[in-house]
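Protein sequence lines correspond, in order, to chains A and B. Just so we're aligned: the first sequence equals residues 1 to 422 in the numbering used here. Just so we're aligned: the second sequence equals residues 1 to 418 in the numbering used here.
Please keep in mind that the hints were generated in silico from the structure rather than gathered at the bench. Positions of the beta carbon are idealized from the N, C-alpha and C atoms, including for glycine. It is possible that some hints are incorrect.
Partial list, computed: chain B residues near chain A (C-beta under 7 Å) [unchecked claim]:
#1 K94
#2 R114
#3 N116
#4 R133
#5 L137
#6 Q198
#7 E220
#8 S226
#9 R339
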Amino acid sequence: MSSIRARIKPYRARLLLLLAVIGPGIITANVDNDAGGITTYSVAGAQYGYTLLWMMPLVALALIIVQEMSARLGVVTGKGLGDLIRESLGVRITTLILGLLVFVNLANTVSEFAGVAASLQIFGVSKYISVPLAAVGVWLLVVKGDYDTVEKVFLIASAVYLSYVASGLLARPDWLEVGAAMLQPSFHLDVGYITIFVTIIGTTIAPWMQFYQQSAVADKGIRVENYGYERLDVLIGSLFAVFVAGFIMIACAATLFKHGMLVTSAEDAAVALGPLAGKYASVLFALGLLNASLFSAAILPLSTAYTVCEAFGWESSLSRSVKEAPVFFIIFTSFIVLGAAIILLPIQSLVQAMLVSQTINGLLLPVILVVMLLLINDKRIMGHFTNGRVFNILAWVTTVILIALALFLVFTTFFPGVFGSP
Amino acid sequence: MPFVSELIGRSVADVDGERVGTLKDLLAARWGSMPHPQIVAIEVKRRSDTVLIAMTDVAVLIAPAIPLKKKQNEIECYQPGENDLFLLRDVLDKQIIDTNGVRVVRVNDLELTRVNGGIYVANVDISGVGLLRRLGLSFISRRLSKSGRQITSPGTISWDNVELISGDEPMRLKVPGEKMAELHPADLAEILSDLTRQEGSKLLDSLDVKTLADTLEEVEPDFQASLIEQMSDERVVDVLEEMAPDEAADLLAELPEERSQELLKLMEDEEAEDILKLLAYPEDSAGGIMNTEFIAVPPLLTAEQVLDVLRESAHEAETVYYLYVLDEESHLTGVLSLRDLVLAQPSVPISEIMETRIVTVDLNDSQEECAQLISKYNLLAVPVVDREKRLHGIVTADDALDKIIPTAWKKRLPRMYR
């Protein structure tokens, strides 16, 4: 029987189960730290120093709760979230939610291209060159690239996130101070603080993540018996995402905040890091931003096209010709074209586009969460895999807090000045 | 005729005009040979509960307000049968298989029709017009059609050509409708790639071993492996024995080593041996893709005798169009096409009519070289030989071309998602 070895990769047998399951959670979490996210964390660190760090463990907990539910829905039903919403809640609610999702995802895609423009501007590349190149490159990679290449590219991209950890270390933070800040909750009732608060949550637990991860899990065909591994995948991914986010905040807090420099964007942060933490910290920061932006600019349009087609029953495929899956191609392509074009047109400042999209994320999130909770507690759909009592309480509390924060944000946006100006 | 979505939500009143509630769902059942299910009962939502009312108690279903034949307190509850479909709950918004178009689509609406006093489900609406109707935006499609722009998308499928996929009731696909059984394995494979993993496994469970083997042969090996992951060893063994040895070898190579060893032990010795032989060669070599079930004949027979041999032994062979003439030590001495054989005088020895200048490939030649030779010499299959010209197998045209023109099933989109 030894002849069989020639064609069987030996590592496969041992790692098969783990490798087969690990993936969706980690990839999703990586796309999570996209251009908008990095901007938000930088601004938060530069403006508020270490004082927002205490919320990161809580954000991680909320992220784990939400993503665990999404993974469980995927494993048990074998269907994507768009699919489930359509089958359980009908056409109208589906159209409403997906309409909002398309809008938010488009805003996010715009912010990804803004990230590409911003990061390459640091190296002196004009956005009129970088953005069209990035758009074409991303389109070709996804449509023409064979999947093995694409997968490898994405895996390498994931490792580049560690550059933020390096930047954070190069910034030589005072670790005692960091530790103290983690344990010391603080809260201010001013609009700026609340906005950054909601924005951090909105960018860390972005609505597209639930759709993307659930489709990924369902498509992977993970069996219910192996759900433990998938849970591990979600856990590792979520912790990694928040870990990286924390380091971005630390890097900016240790340098920019200490020297009283105000920045409003990730590229400001990258440039400003130079004299304070050394050239390498600055370059690493910019490279991280470029990588994150490209990574997410590929995933977001794909995920949106997939979700919409899945829910409405249109053919979704990359390898069929455009003729066979027209809607899929139209959505995917127009996302990239629009995302890139909006950045090139002098309509809106880049930074505004980035920050606004993260805030809208925070507003859509509670809606998605309520729907997910309804689905996951439906015995007809989940059998005995519905939420346990404790988990349900945690999940609902998270949802209610998010709703309250979102309402608060809307309120302060429409009635500024109630809680004092930022 | 009316659509289900238009009826849902209409008010239901009893014989005295007293309001009972609103229409929540329709129950349909299939009778014998009638391909379209008939509406047998309605589900009515009352203030605090729901009630099932048999169609025999409904005066008119297709009406702005639905009147019953009895008084509210005289209504007897309808007991749903095992095969009753709740149209809203089980069919609307769900995915179905369109067996005619060979694709998986989503149900936007259901069209009803009246035949001999009964109301039947006529068509499944999968069109954009159906979507707009559900959203209460029919005016858009009306306006478009008035303005002369016809939106005649192939929007409806007759229930004749529909197969349900039900995630909730695993029983439904257990007996695949005749419609699925009639599909070509390549079409089944196509549908398989459109279904979710869970639905896909259910579909596979419902197929007989022969169809299952044929269907799996149409699917890429890594997808095959994930499909049979959950099948019992016995079933997989049956399937492997049914598959052509080269396909079976590809499949085994994709599985974890322990499982493939296990399966090989369970297989009949002869079949397992064939597969092991193939597994020794690289995946893309002639040895790796060749088929060992070919027709070999000794050189001394006459054409008539060879035809007899063919009748007896050709059932197992992948192709009957070429016969390979071997000496006692399996050296390939000649090739005979079925055409040569049939046109020859029955008494002629085949050594006289066989072709002796033979195009062959070596065991280690690449798949592409096989394809090129096949294309150059217009062959249906090319024999695979070792250095001593002993015949080991044949590579058929479709196996060789697989690499250049991938099998027709679409690559599953989301490798990125995996």
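Status of each hint after checking the structure:
The interface hint given for K94 (chain B) is met, as the beta carbon of that residue sits about 6 Å from the closest beta carbon of chain A, less than 7 Å. Proximity of R114 (chain B) to chain A is violated relative to the hint, the smallest CB-CB distance being about 26 Å (cut-off 7 Å). A cut of 7 Å between beta carbons decides the hint on N116 (chain B): the least distance to chain A is about 32 Å, and the hint is violated. Because the beta carbon of R133 (chain B) sits about 9 Å from the nearest beta carbon in chain A, more than 7 Å, this interface hint is broken.
Given hint, L137 (chain B) at the interface with chain A, is violated; its Cβ is 10 Å from that chain's nearest Cβ, farther than 7 Å. Of the supplied interface hints, the one on Q198 (chain B) holds, with its beta-carbon coming within about 3 Å of a beta-carbon of chain A, less than 7 Å. For E220 (chain B), the interface hint is violated, since its Cβ never comes within 7 Å of a Cβ in chain A; the closest pair sits about 11 Å apart. Below 7 Å, beta-carbon pairs count as interface contacts, and S226 (chain B) has one with chain A at about 6 Å; its hint therefore holds.
The interface hint given for R339 (chain B) is broken, as the beta carbon of that residue sits about 37 Å from the closest beta carbon of chain A, more than 7 Å.
Hint compliance for this structure: hints 2, 3, 4, 5, 7 and 9 are not met, and every other hint is.
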